[in-house]
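Each chain, written out:
2 protein chains.
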Amino acid sequence: MISLSELQRRIDSGDLSGDAAIAQSLQAIDALDKTIGAFVCRAENVRSSGKGPLRGIAVGIKDIIDTADLPTEMGSKIYRGWRPRADAPVVMMLKQAGASIVGKTATTAFASRDPAATLNPRNPDHTPGGSSSGSAAAVAAGMIPLALGTQTGGSVIRPASFCGVAAIKPSFRLLPTVGVKCFSWTLDTVGLFAAGVNDLARALSAVTNRPELLPGAAIEKPRIGVVTQDFAGAPEAASSEALRVAADTAARAGASVRAIALPELLAEAWQAHETVQEFEAHQALAWEYLTQYEAMPSLLRAKLDETKGILPAEYDEARRSANRGRKALGRIFEEVDMLLTFSAPGVAPKGLASTGDTRFNKLWTLMGVPCVNVPATIATGGLPVGVQVIARFGNDAGALAAARFVEEALARK
Amino acid sequence: MISLSELQRRIDSGDLSGDAAIAQSLQAIDALDKTIGAFVCRAENVRSSGKGPLRGIAVGIKDIIDTADLPTEMGSKIYRGWRPRADAPVVMMLKQAGASIVGKTATTAFASRDPAATLNPRNPDHTPGGSSSGSAAAVAAGMIPLALGTQTGGSVIRPASFCGVAAIKPSFRLLPTVGVKCFSWTLDTVGLFAAGVNDLARALSAVTNRPELLPGAAIEKPRIGVVTQDFAGAPEAASSEALRVAADTAARAGASVRAIALPELLAEAWQAHETVQEFEAHQALAWEYLTQYEAMPSLLRAKLDETKGILPAEYDEARRSANRGRKALGRIFEEVDMLLTFSAPGVAPKGLASTGDTRFNKLWTLMGVPCVNVPATIATGGLPVGVQVIARFGNDAGALAAARFVEEALARK
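First to last, the sequence lines map onto chains A and B.
So that you can map any letter, position 98 of the first sequence is 98 in our numbering, and since no number is skipped, the others follow by simple counting.
So that you can map any letter, position 35 of the second sequence is 35 in our numbering, and since no number is skipped, the others follow by simple counting.
Just so you know, the hints here were simulated from the structure itself, not pulled from any lab data.
We treat Cβ as the ideally placed atom computed from N, Cα and C, and that holds for glycine.
Possibly wrong hints are sitting among the right ones.
Claimed, not checked - Below, a list of computed lysine-lysine pairs in the DSS-like style, where the Cα atoms sit at most 30 Å apart:
#	chain 1	residue 1	chain 2	residue 2
1	B	Lys327	B	Lys221
2	B	Lys77	B	Lys34
3	B	Lys327	A	Lys327
4	A	Lys34	A	Lys77
5	A	Lys51	B	Lys303
6	A	Lys34	A	Lys350
7	A	Lys303	A	Lys77
8	A	Lys303	B	Lys51
9	B	Lys221	B	Lys413
10	A	Lys308	B	Lys51
11	A	Lys303	A	Lys350
12	B	Lys303	B	Lys350
13	B	Lys308	A	Lys51
Claimed, not checked - Pulled a few chain A residues facing chain B out of the computed Cβ check, cut under 7 Å:
#	residue
14	Trp82
15	Ala86
16	Asp87
17	Met92
18	Pro176
19	Cys182
20	Arg210
21	Ala284
22	Ala286
23	Pro312
What the hints assert, rightly or not - Here chain A is said to cover these stretches of chain B; the calculated rule only asks that three of the stretch's residues, wherever they fall, bring their Cβ under 8 Å from a Cβ of chain A:
#	stretch
24	166 to 177
25	203 to 211
26	282 to 294
Here chain A stands alone, though its shape is the one from the complex (with noise of 0.2 Å):
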């Protein structure tokens, strides 16, 4: 994978020119996405800025998000072509920061089940999840060294973990959604995918121009909260053995490593988060599942019908049970530092019919929480298991800091 760190450190240094790190991602797009296919369009004579943070970063748009130069297809036929007006602010933010736009990442239909055609870089017969496939492969391949996601259920954190790279969901809305494709706009996030954690730091500082997000100190003896999420189900071996591995390996770099079973109020919100999504779902696709039937994406659509007599009492009584739900999640974090859970039930399902599962996702989603993927351990297949690293809603700074510790501990295994 390229880091974007080290690109930064010698494109400062005079080593590297910004021109030359975009030809090297360029020349490496050219190389691998015919047998990946995580770009759906390119963009042509691509230079770096001048300036900024991020000059010399070659990006990926996952294709949900606006830009004003390239089309924006949301992975639908019914956007065929399609061309907005204006960049969406987030294009608009990477590009103030100096990064280069290369090309529009594949996304499953309007980022919800039905599979885009990308392959996993780690073994092409499985699935590089979903719906942000396009970014987590790009990024996974050694493609480019950073690229934009979004999530709604577990888009960003699942395919990071399918794939092996390093992503944030950052803090809802600490990254504008405006000019995003809406599924639900009380749970869609727009997310960064990197090849490490002091990658995303840097990026998202550089994008939010947060000079408290840059990576500090280390945390030297985080208070981690091990949470299996009962209430979602068992995980798969592979996720089970991650998150053991990941504990205990930062218990003995010196963290306090406690299970926590997490109140009957966050299952209650765990519950929440699909009517939510579907209710708001309905709202956001109304025109197209209203008037594009026919060429709606056919298991989106077999969901809408499926969810199409929720009520809203229904709907306003899920949000309370958020409401609940992050006030229960508040007292949680004065006690721990940081939790730690799993990224997905388990390693990438095999085949492209399914980007797989979001049940230890939406939890986080729906309380906005920030949640970083950190790779932890490689299954059979070549395939790696992330593990999910979570702080206090706002806490973006505290939830890498956290996850560098994680990773760090790792790495010196």
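Mind docking chain B on chain A? Use the hints.
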């Protein structure tokens, strides 16, 4: 003005066909809009839907709200002729309820400060207010029974007061803002204009599919807190008088009325509004401001020039202040059923150079609470003055019931 409730009654009874109701509106637009200038674009071949509670109801859509079959120009030459792919969800909700979209209504550029060309139907020498200028004017002039607007500072309640129509800015996100050009994602709120409070209630209930919003039994003895928002400066005499008349009339009608001094936390939240709005506007409008600078509307551009130094830390503190304000306001609603305050500083300003001042609206937009404008008095020049009825977050039914109490009391006066 055209009463939506009365149209519904006549259509339900078979006294009037949906198509005849639509035709009345189209004829009124033909006759009146040459002088008023409420519409920037008209739909062709408009017919009534065969079913739904809003069949026969002609609706105008503020021209920052996406429509698939009409241009959406944002009041700016940057979007001249722009055609979105999809209808905004709120437009689809109107259509699903049976309403007919008859055209797009004039908006200040990007729903900000640069005025539209619309005249005030009550006195053409005065502004109709903004930013939802065309929507307020079209309802006030009797062209249409219902119009959609949006409010980020005071863009629904203020033009309603200036034009003498009822309007509701519902609880934040009761109506989705997806497909509405974003200025500030924390503040932007879709609202409705109609002839009277019952019309608003019937429309909002139909659009949201929430029967609890339908007009019910009248409140007998509401507990009313009168607030003058001293931190926002003094009102003009006309608004002072309107509030006095409305409060006295409500008291005579049986309400318990008392003055409430808002706590300092709410004065601080009022201050925080601008920081939230302008920080987010710089992100939301980054593409326009940074790539279309010369074509930007001049007043908005000057404001963005002036506010570009707001730091993320200042924005974070403003959001925390808003949260503290929301909690303080929640405590006030344990003691009163509704707040009554100014809708605007006075009558509509003369001329079209300014659409007026948001200082009595912006706190309530930031709080996300439902606000209703009720026309209260007529000042010199035939210019109406409204009062603002406010209820607890999520209690839109209560806001409408309280507004109806005030409206009925004023009608009996």
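Return the numbers of the hints above that this structure violates; sort them in rising order. As far as the earlier hints go, not one is violated by this structure.
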